[in-house]
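Could you put the whole structure together from the sequences, leaning on the hints where they help?
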Amino acid sequence: MYQFNSKYELKSLLRNGWIQLMTLLLLGLFLFAFYNGNEKVDKRKNDIQAAFNEVKESDQNMLILLDSVQRGMEVSASRWTIPTKPMAVGNYHPRVAAMNPGPLAFVATGQSDLFSHYIKPKASGDDMALNFTEISNPVQQLFGSFDLAFVIIYLLPLIIIAFTYNVLSSEKESGTLRLLASQPISMRSWVFQKMGIRLFWVVLMIGVVLILVSVIIPSGVNIVELLPVFGVTLGYIFFWFALAFAVNLWVGSSSKNAIALIGLWLVFVLLIPSVLNQMGNALYPMPSRTLMINEMRSAKAEATKKQDQILDNFLRDHPEYAINDPNQNRSFYHRYMASQQLVREELQPVVGRFEQQLQNQQQWISQLKWISPAIIVQQELNALAGSSTKDYENYRKQVTAFAESWRQHLLPFLYSNEPFSTDDYENLPEFQYQRLTSDTTLISIIALVFIALIGVILGFLKGVGSQSTEKFITQ
Amino acid sequence: MITTDNLTKSYGDTLVLDRLNLNIKAGELYCLLGANGAGKTTTINLLLGFIKPTSGNAFINGLAVSEDPKKTKKHLAYIPENLMLYPSLSAVENLDYFSGIGGTHLSKSQLEAFLDEAGLQKVAFHQRISTFSKGMRQKVGIALALAKNANVLLLDEPTSGLDPKASNEFGLLLQKLRNKGVATLMATHDLFRAKEIATHIGIMKSGQLRQEFLATDISLSDLEHAYLKTMDYKELAL
Amino acid sequence: MIRSTLIKELRELLRDGRVRISFFIVLLLIAVATWISKTQYTITNQQYQQADNEERAVWENQGEKNPHSAAHYGTYAFKPKYPLSLVDQGVDKFTGTSIFLEAHKRNEAQFSQAADQTGLARFGDLTPDFVLLFIIPLLIVFLGYNAFTKEREMGTLVLLKSQGTPIWKLILGKWLALFLPVFTIVFLLFIVAGIVLSNLENFGVFNWQSLGMLFLIYMGYYFIFINLVLFISLKMKKSGIALVVALATWILACLAVPKAASNIAESKHPYPTRQEFASNILQDQKEGLDGHDPWNKQAKLLEQKVLKEYKVDSLEQLPFNFDAYRMQKGEEHTAEIYLKHYKHLKTQFEEQSKLYRGLAVLSPFLPARFMSMAIANTDYATHWHFADAAENYRVELQASLNGNFAENSAYGEWSYRANADTWKNMPQFGYDPPELGETLTTNTSNLVILSVWVLGTFLLLFFTTKKL
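Chains as they are written, first to last, in the UniProt record's numbering: chain A, 1 to 475; chain B, 1 to 238; chain C, 1 to 468.
Incorrect hints may have been included.
Stated by the list, open to error - Below, simulated PhoX-like cross-link-like pairs (lysine-lysine); rule was C-alpha separation at most 20 Å, straight line:
| hint | chain 1 | residue 1 | chain 2 | residue 2 |
| --- | --- | --- | --- | --- |
| 1 | A | Lys172 | C | Lys150 |
| 2 | C | Lys65 | C | Lys311 |
| 3 | C | Lys65 | A | Lys256 |
| 4 | A | Lys43 | C | Lys238 |
| 5 | A | Lys7 | B | Lys229 |
| 6 | A | Lys300 | C | Lys150 |
| 7 | A | Lys172 | C | Lys424 |
| 8 | A | Lys300 | C | Lys65 |
| 9 | A | Lys256 | C | Lys150 |
| 10 | C | Lys65 | C | Lys169 |
No wet-lab data here; the hints were simulated from the structure.
Right, here's the structure in full:
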């Protein structure tokens, strides 16, 4: 039966224009999604490059200034911006802490439209003031991006539904079912084979389209790197085919099948995610940011009042910074940096609460994402693209750590009242973003296939002799 | 060979087929007459295994349908009232597909020979089914019976909606099959065609087989008379 | 005829198990969504009140301080949540809720809710606007896709035609049958929302007119979908195909076009990155007056100008503290620079909005979405409005702080401390969102586009079909 099914299925699909239509549709969608993804990645790269160039330029100026000052020349810059002062270097010549896009960044916009991809942490700035969000038109964020992840998660299932909702029911509606059922075959395996053949074609088309698109729009990614994306997509496709298989056997007429499948799409793609999100928020509510501001303000107000005392305490804790010279030169920055340190330490638990709740929510999702394959795929694609919540959390942590090391690098200069010189320039710390790698891809694919198998088994469980099957053929 | 042994089907309290006993041997053509809802189509559905009997048994070539519907369908051909085929495929392709999925692999020339034998015009062999009339589609159905080498043929109202010429042609085809030793069960309203081609005729009402005749024993007018009497119709007094 | 068609259609819908189930599910969704939104709304507003009061208390209790220190210490402007956000959350999730108002600097609104959420939140929230904008059109598709195809398939169309009634009456009957259930659901939702909102104490400026206008917008949106779905059902031969086409229309209008539009808007009229934006401003500031730096070239020029104006030859002889005066001039200068750069942002935003309006030809979702957000005061324009109000307040606050400094101290007197009561006398930040009339005027083009869609689809439905 298999060879006849595959031969004539292909013939019918070609003659009805289905294959051609699907290929064109997929090609169009993937092209547009690739294009959009690349556009975003290119802009991100260019922005980062521009920031580096700007720093390079200002470093040149800094070096010239340093050189002039060291040679005792008069300089025209405002006195507090002269880079012999360590705080001037720390504040006016910050380094770029950039989050460079990974090779698969174009796949999923994920959270990348919310956050900045490079930050220049200043020595005197507090970490709370590090604004990691990006300025953008929130309408774009509301509507979301037409990226590959959107095509895969939202549109691909709908295309599959349109392709499979009536495999069995159309036989009934066009009147061929009775003749077919009078042949010595099992209807379940017949539907299974038809589905299998259509699945094969969809997979083949997507494979070809992926290769074609990566040739047409060179994103610098090679085909091998795309394999995990392809794998996750395959798992997701399996799932929807399995679901369509079960619905074809269990439900009935074409319209009912379509409504049932669209209903399931709605449940898996829209409802489960938003309900889980809602529950996550309810279980691990984010503390109020507005109230956090209040706390932060009082902590700062306290610190400002007691700046001198704080500095004394600070110097007691850090004797290496205490200078023996009785005429020690206590400037604004000596007091400020010390009190900032204190404020930071005091606010650490407040800020930590947010990260902690975010982690809790993330944990909650990773436990419950198995309920909806759409969530599995979204999380996985975001992880592969490096645009997941975790990635940005990772980046924030790295930047905060870098900001700390930037400060710690310059503080000894400040407290030992030592000027910053051209020789010290070489030793300035540089930020290097350490990307997370997704180690869950294989598990996700296996999970998707497993869920798909449940669908297939559900389909096969449908007893051929049951009352409704009788009705289906004879009425 | 078609046999039914007290074949009964009921849906809840409604009895749609009541202890039907049939025995159609090779080379016989049995016509089941009866009004709509008499149980003709139910009988065919039971023989095909589309539905399960409430009690009793149906046998095709001595095999119980309910035990192994796949095996019994192997040498059985069925032409539903309105035979539909895949409109985007040609006659040859449809024949190839339907015989193929049942496990009968045939060459192109064999397929064409069967269509020819079934009386389909040669020009139509490679045309898409979407252009075919009902009579032409039925010929493809007969070709399928020939291709499967079926010795049992089930027909559900095959002549309804055919013009007289096509109907006549179809009758001749059935005779040809009968001569080959095919056992045929045909459900029909068409008394005239039944008298002409059947070997045996049965009249059903309310799920029961009320009367049986040998076709050679009865004239057309007697048959009509018997039919209407069974149906409780008052004949028009001419 | 219209009446009998309507009754027959409604009867059929009521007897269809699927319809009952989907109707029930939509009602349940709306109920849950409204409840969640209401809870969040109340919590957010309580937090807003608390934060606002506490921040004011922090500001007022600064004690004796130099006004400029107070300026650096700054204060916060918090964005309130508006009553109709109960119906449409709009972009609220993506915009910051608090703006830090300090000397020399215009800050962006900080802390958007979305940044504190996981990637799951990007699937969308279960809010009334989600049900109103996405689910109800889908319900219309499911209820109406076979309005005509089923008659065709069952063969009853021939019978209907033979009755000799005009087609438009038949269409109108079916139209009303589709509209009534939708109207019922949405009307219920809006009535419940109105009652809930008018019973919440002292929160915002709820008025029934806005709610009514919002209701009209949604009705218009549903008119379009009902017309389109019925039109598709009229033109298609089979229910299956009608369903696929109607669904494709829904996907295109509600999902694909808005997302595509977002990408196009972003790439055609990009915003600068936060860092770029900041460094552009810094660049401009470097070339201008620096209020803190007496040796700055611009500062020297100002000095000479003021000396000439007051006909004195040293800064000490001026009747006010020149340091504070210079700082105020610097403040005004920076405010201008900010204004210029924010104007650029606003131009980009307006260009993007124009693009969205252009693409509304492809999707009635876009104008409906924008109108709904605008009326609910949860759109981006309202956010701008808020940010601008906060900036105006900041500029005024800086002026009065610098004024206090200038009038009450002499040149060089950096040790001046304003007394502790000064801060209480400074005006408090208050913000009123645009009124309904104002919103409608600024959104006329979206309103027009939506009306064109409504009219166009009505014409399409009733006048392109001469026979069935």
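- Item | 20 Å limit on alpha-carbon distance, applied to hinted pair lysine 7/A and lysine 229/B | violated, 53 Å
- Item | Hint consistency between lysine 172/A and lysine 424/C [alpha-carbon to alpha-carbon, up to 20 Å] | violated, 81 Å
- Task: Quickly compare the C-alpha distance for lysine 172/A and lysine 150/C to 20 Å and report which way the hint goes.
- Result: Holds - the C-alpha atoms of lysine 150/C and lysine 172/A are around 16 Å apart, at most 20 Å.
- With a cut-off of 20 Å on the C-alpha distance, tell me whether lysine 65/C and lysine 169/C pass. Since the Cα atoms of lysine 65/C and lysine 169/C sit roughly 78 Å apart, the hinted pair is violated (cutoff 20 Å).
- Task: Could you grab the alpha-carbon distance between lysine 65/C and lysine 256/A and see if it respects the 20 Å cut-off?
- Result: Answer violated: lysine 65/C to lysine 256/A is near 74 Å, above 20 Å.
- Taking only the CA atoms, is the gap from lysine 256/A to lysine 150/C under or equal to 20 Å? Holds, at about 13 Å.
- Query: Taking 20 Å as the top limit, are the C-alpha atoms of lysine 300/A and lysine 150/C close enough?
  - Reply: Answer violated: lysine 300/A to lysine 150/C is near 71 Å, above 20 Å.
- Task: Verify the proposed pairing of lysine 300/A with lysine 65/C, using a straight-line Cα cut of 20 Å.
- Result: Given pair lysine 300/A, lysine 65/C holds - Cα atoms ~15 Å apart, limit 20 Å.
- Given the proposed pairing of lysine 65/C with lysine 311/C, does the C-alpha separation stay at or below 20 Å? violated, 32 Å
- Message: Need the status of pair lysine 43/A, lysine 238/C: alpha-carbon distance at most 20 Å?
- Response: violated, 47 Å
Checked against the numbered hints above, the structure violates hints 2, 3, 4, 5, 6, 7 and 10; every other hint is satisfied.
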